[in-house]
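Enquirer: Construct the complete structure from the given sequences, taking the supplied hints into account.
Protein chains in written order, with the working numbering: chain L, 1 to 149; chain A, 1 to 149; chain C, 1 to 149; chain F, 1 to 149; chain H, 1 to 149; chain V, 1 to 149; chain R, 1 to 149; chain Z, 1 to 149.
By construction, these hints were calculated from the structure, which means they are not laboratory data. Incorrect hints may have been included.
In silico DSS-like cross-links for lysine-lysine, where the CA-CA straight-line distance does not exceed 27 Å [unchecked claim]:
| hint | chain 1 | residue 1 | chain 2 | residue 2 |
| --- | --- | --- | --- | --- |
| 1 | Z | Lys148 | V | Lys59 |
| 2 | C | Lys148 | H | Lys59 |
| 3 | H | Lys59 | A | Lys59 |
| 4 | Z | Lys59 | L | Lys148 |
| 5 | R | Lys148 | F | Lys59 |
| 6 | V | Lys59 | R | Lys148 |
| 7 | L | Lys59 | C | Lys59 |
A few chain L residues that don't get close to chain A, going by computed Cβ distances all over 10 Å [claimed, not checked]:
| hint | residue |
| --- | --- |
| 8 | Trp3 |
| 9 | Ala20 |
| 10 | Arg55 |
| 11 | Ala68 |
| 12 | Gln88 |
Some chain L residues near chain A, calculated using beta-carbon distances under 8 Å [claimed, not checked]:
| hint | residue |
| --- | --- |
| 13 | Asp38 |
| 14 | Asp44 |
| 15 | Val47 |
| 16 | Leu50 |
| 17 | Thr73 |
Remember, it's a predicted structure, so these values are computed and weren't measured experimentally. Glycine included, each C-beta is placed from N, C-alpha and C at the ideal position.
8 protein chains.
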Amino acid sequence: MPWQVYLSGEIHTDWRERVADGAREAGLDVEFTGPVTDHEASDDCGVAILGAEERPFWKDHKGAGVNAIRTRTLLERADVVVVRFGEQYRQWNAAFDAGMAAALGKPLVTLHPEQHDHALKEVDRAALAVAREPEQVVALLRYVMGGKL
Amino acid sequence: MPWQVYLSGEIHTDWRERVADGAREAGLDVEFTGPVTDHEASDDCGVAILGAEERPFWKDHKGAGVNAIRTRTLLERADVVVVRFGEQYRQWNAAFDAGMAAALGKPLVTLHPEQHDHALKEVDRAALAVAREPEQVVALLRYVMGGKL
Amino acid sequence: MPWQVYLSGEIHTDWRERVADGAREAGLDVEFTGPVTDHEASDDCGVAILGAEERPFWKDHKGAGVNAIRTRTLLERADVVVVRFGEQYRQWNAAFDAGMAAALGKPLVTLHPEQHDHALKEVDRAALAVAREPEQVVALLRYVMGGKL
Amino acid sequence: MPWQVYLSGEIHTDWRERVADGAREAGLDVEFTGPVTDHEASDDCGVAILGAEERPFWKDHKGAGVNAIRTRTLLERADVVVVRFGEQYRQWNAAFDAGMAAALGKPLVTLHPEQHDHALKEVDRAALAVAREPEQVVALLRYVMGGKL
Amino acid sequence: MPWQVYLSGEIHTDWRERVADGAREAGLDVEFTGPVTDHEASDDCGVAILGAEERPFWKDHKGAGVNAIRTRTLLERADVVVVRFGEQYRQWNAAFDAGMAAALGKPLVTLHPEQHDHALKEVDRAALAVAREPEQVVALLRYVMGGKL
Amino acid sequence: MPWQVYLSGEIHTDWRERVADGAREAGLDVEFTGPVTDHEASDDCGVAILGAEERPFWKDHKGAGVNAIRTRTLLERADVVVVRFGEQYRQWNAAFDAGMAAALGKPLVTLHPEQHDHALKEVDRAALAVAREPEQVVALLRYVMGGKL
Amino acid sequence: MPWQVYLSGEIHTDWRERVADGAREAGLDVEFTGPVTDHEASDDCGVAILGAEERPFWKDHKGAGVNAIRTRTLLERADVVVVRFGEQYRQWNAAFDAGMAAALGKPLVTLHPEQHDHALKEVDRAALAVAREPEQVVALLRYVMGGKL
Amino acid sequence: MPWQVYLSGEIHTDWRERVADGAREAGLDVEFTGPVTDHEASDDCGVAILGAEERPFWKDHKGAGVNAIRTRTLLERADVVVVRFGEQYRQWNAAFDAGMAAALGKPLVTLHPEQHDHALKEVDRAALAVAREPEQVVALLRYVMGGKL
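Expert: If you want it as structure tokens, here you go:
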């Protein structure tokens, strides 16, 4: 049975590819899932499918509803949740996903630079591992799935 | 892993076919489930299988029990629940299914004409998307499963 | 410990008063809860508190959100849920509450005239008692709490 | 039975006092809870009680563990969770609390200025009300608890 | 906080009184609950409150529904569930209650003569104690609540 | 996805074969599970595997523990639970399984002759269908799985 | 509402008294619970109440069942679980309680000397705080309940 | 569907191989899982992947977090949990796993020599079978999966 690993958070760097490439090279039986990473599609999906809105608040509300159909389904299916906080943006949705994962009892891994350590201390405390680089996430999966360092 | 999508509600129009056809054309890996849509069979199943009743109340009671074996099993298996409210009938069972889906934490999509907006406001508030046409349900599934608008 | 009984559904007749009066006369240790029954306040609460909306859909959406803070809290606290379907209106929120109560495993009592029996068969099947008059609800509470017919 | 309302998030303004004062004036039967709002104590509690650490990461880790004993206990007891996002700081712990509240099925209210609307759209989508001022939170509680606008 | 102890099963002997009397003499802070033990009222409650039925099956069905409002509420509130199997009758409802208690994770105590040991082995296996006399149930409560043999 | 149907209860008649044969003939995609039906093996498994006991009570206790490893695993996997009460024996384990199934929210079907109706009224009330003959169970599965009467 | 704190583990030193005395002096609104700490009573309770056993295994089995009625009830009621590992004995029941607390999502505090750090690393990892002295447990409770260092 | 059996506890003898070999010879459809049994890798995984620590406590803490990603995932997937206590070491993690399995409702089997009976009485009481030799575990699986003694 493959492991389901949900990759939450930052969408502006190639960290998901680095994790996925590393897992493939290591021959791990993993299915990676995550949010829609096409920023524009993610912002527009609500109004594009369900009809236009004049107020930005409701445009966002519709879009967030549509995206939540995906993210909640995949988050609940996940065996492990990895949450990436990048160097920019507020990324509250990443912290929100981490909170859901923690409440659902999912093993949580955070991935962020040291500069965020103090601000993320509550999230990191709920995590079972705090990684700095995507390659460490691959090493974690390699070890927890196959027992090899 | 295919997505399980439960299609609840109205049984007198072809909306389920329109959703299923659209999903097939879009190449989505979905298994659609739903209640028995043969109205007569659905009404008669209790007495046909378990024995006749004189009072209509108990005929309905038996039938509803038998149908619930199916609907609860499939509702609990579902990743997403779509509930259709048509232009006629009271359709309390559709609203009942929506309440169960909400309490079970299933992502909920409603599908109904604008004329029901006020009467359905509590149900719509619990939904992650409110669609008007079956084709919008297909577009939602296409987006949430594949990330494509 | 008093019993918490949530009275859901129809807000245009005096059925809640009849239940509460009967319970008081019977000396039952019950706390009755329910939705806000001031129709206008219930419709307007979202925009009155959180700001105006041009589109009726979003006015309803805001109001339904605010009302849900109350109804979900009280529904979850309830020991027993009674759902009343009156002779008029579609009352989808009543059926929605019944679905939530069923999924949460709350003992459910329905209260409605015979004319709705067929349309409510799925909801009635999930109920532990189907009453026709508010006084029967009082008699039910009197019996289940005190063992007296 | 008083309502338990957990006030999560920003600790640098007087919003908690404004909510509590308003609730007192309105005569609401509410018990407000929340994290320790003494910033220094909150940062130091781990090492002060359990022993010093050289590395800031482990100092934070210890402190976050101690604070979580409080916040998780009170969050789980809460009937309603209000999460405030102020104008400054990253406030990931607020979003994390919101995620936990959502996964636990707690009615969620967010409180933040419009400037954060886009960044908070996923959190707001999971909320039943989005307020801008503490006084709106009081008005919400007054309405949902007593039915009065 | 008093302990809630649900006394399920046999209604034709005075075992509940013996348990309650013993607990009172031992000064235990216990609230005992249980099904309606007036056999006739228990059999008739459905038709007496909700209307007559011609077929005995539906009379029983209505009555069992009404009684379940009581028994499920009290069983779920219980800290400890004691199930008594007497020397006569089939007492399937007692075994049914024991199954519910086990699935709900309630500490279960059975009370029955040795002659039923083989027939009750599955139920006894799910229990934390198997008693022969009501006085042993009192001794159990006295010990588990106060630590005194 | 095949349906998992757990067949609990009586082990001295051929009802399981009749259900399984009927399902096969109807071409249903069902996996039937159930307890070990070799009466002697079921009674002896504890002492045969884990070592002899002098007292019958502990022999039964050991055996019931071993059997519970099987029955609880399969009961929890089941989509539907069918419980058969035959004409003889006390069959408390069948009622116990029914109670577990009810508390776990599994759709429950009972199968028994009319002579047990009064004694089984609480169990039947928790069931969604009451059948008299194994062939009715086949008809139920055929209908709920395929929608055909 | 007082906090319920379950004190699990070692019964041969006065650590529970030190925690309770400190909490009393600090004026904390706490109710401490725990296992029966009279070693002899704890060992003998099964056979003393339910009848003698020849084999030590079954004597222990009976006693452990009786004690579990108490410990599971109090553990499930607890807001916080403190588990003490002393310098002697294997104390597997303490680690077992810690595992239950972790799976139930209870905030967990461990209390043990440094010499056990490596052997207890899995248990400590599941804890929100690792204390060395009972007075630190008091300081933790004082802080998490009242916000004071 | 194969059974998932988690083998927890002692890592210094060949008991896992004896169980797995026996199951293979018996032709059982089982997937065995368990912790990483390479002692050194298990101790070092945290610092090897996530970075060095000076203090042994944090080295252990990091390692235990990483191992928990594996063990919790596999424990939650398991149908049956077998916990082995060997003749040496304190093995608190084994008892901790047993506590988690018990709280999660997993059928639990313990495997240990008689000399530990008294010290393990609470753990054994929560188990459905207490075995002495790995071959008995094979016999248990053979019986519960296939019904053959």
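Enquirer: All the hints need checking, so say for each whether the structure fits it.
Expert: Going through the hints against the structure:
1. With a C-alpha separation of about 18 Å, the suggested pairing of Lys148 of chain Z with Lys59 of chain V holds against the 27 Å cut-off.
2. Straight-line distance between C-alpha atoms of Lys148 of chain C and Lys59 of chain H comes to about 18 Å, which keeps the hinted pair within the 27 Å bound.
3. Annotation: proposed proximity of Lys59 of chain H to Lys59 of chain A holds, straight-line Cα distance about 15 Å (limit 27 Å).
4. As the CA atoms of Lys59 of chain Z and Lys148 of chain L are separated by approximately 18 Å, the hinted pair is consistent with the 27 Å bound.
5. Of the pairs offered as hints, the one joining Lys148 of chain R and Lys59 of chain F holds, with about 18 Å between alpha carbons and a cut-off of 27 Å not exceeded.
6. With a C-alpha separation of about 57 Å, the suggested pairing of Lys59 of chain V with Lys148 of chain R is violated against the 27 Å cut-off.
7. Taking the CA atoms of Lys59 of chain L and Lys59 of chain C, the gap is near 15 Å; set against the 27 Å cutoff, the hint holds.
8. With a closest Cβ-Cβ approach of about 13 Å to chain A, Trp3 of chain L is found to remain outside the 10 Å limit, as its non-interface label requires.
9. Annotated as non-interface, Ala20 of chain L keeps its C-beta farther than 10 Å from every C-beta of chain A; the closest such distance is 15 Å.
10. With a closest Cβ-Cβ approach of about 16 Å to chain A, Arg55 of chain L is found to remain outside the 10 Å limit, as its non-interface label requires.
11. With 10 Å as the threshold on Cβ separation, the claim that Ala68 of chain L sits away from chain A is violated: the shortest Cβ distance comes to roughly 5 Å.
12. With a cut of 10 Å on Cβ distances, Gln88 of chain L stays outside the contact zone with chain A, its closest approach being about 22 Å.
13. A cut of 8 Å between beta carbons decides the hint on Asp38 of chain L: the least distance to chain A is about 6 Å, and the hint holds.
14. Given hint, Asp44 of chain L at the interface with chain A, holds; its Cβ is 7 Å from that chain's nearest Cβ, closer than 8 Å.
15. The beta carbon of Val47 of chain L is not positioned within 8 Å of any beta carbon in chain A (closest approach about 10 Å), and the interface hint is therefore violated.
16. Against a cut-off of 8 Å between C-beta atoms, the interface hint on Leu50 of chain L holds, since the closest Cβ of chain A lies about 6 Å away.
17. The interface hint given for Thr73 of chain L holds, since its Cβ lies 5 Å from the closest Cβ of chain A, which is under the 8 Å cut-off.
Violated hints for the displayed structure, listed by number in ascending order: 6, 11 and 15.
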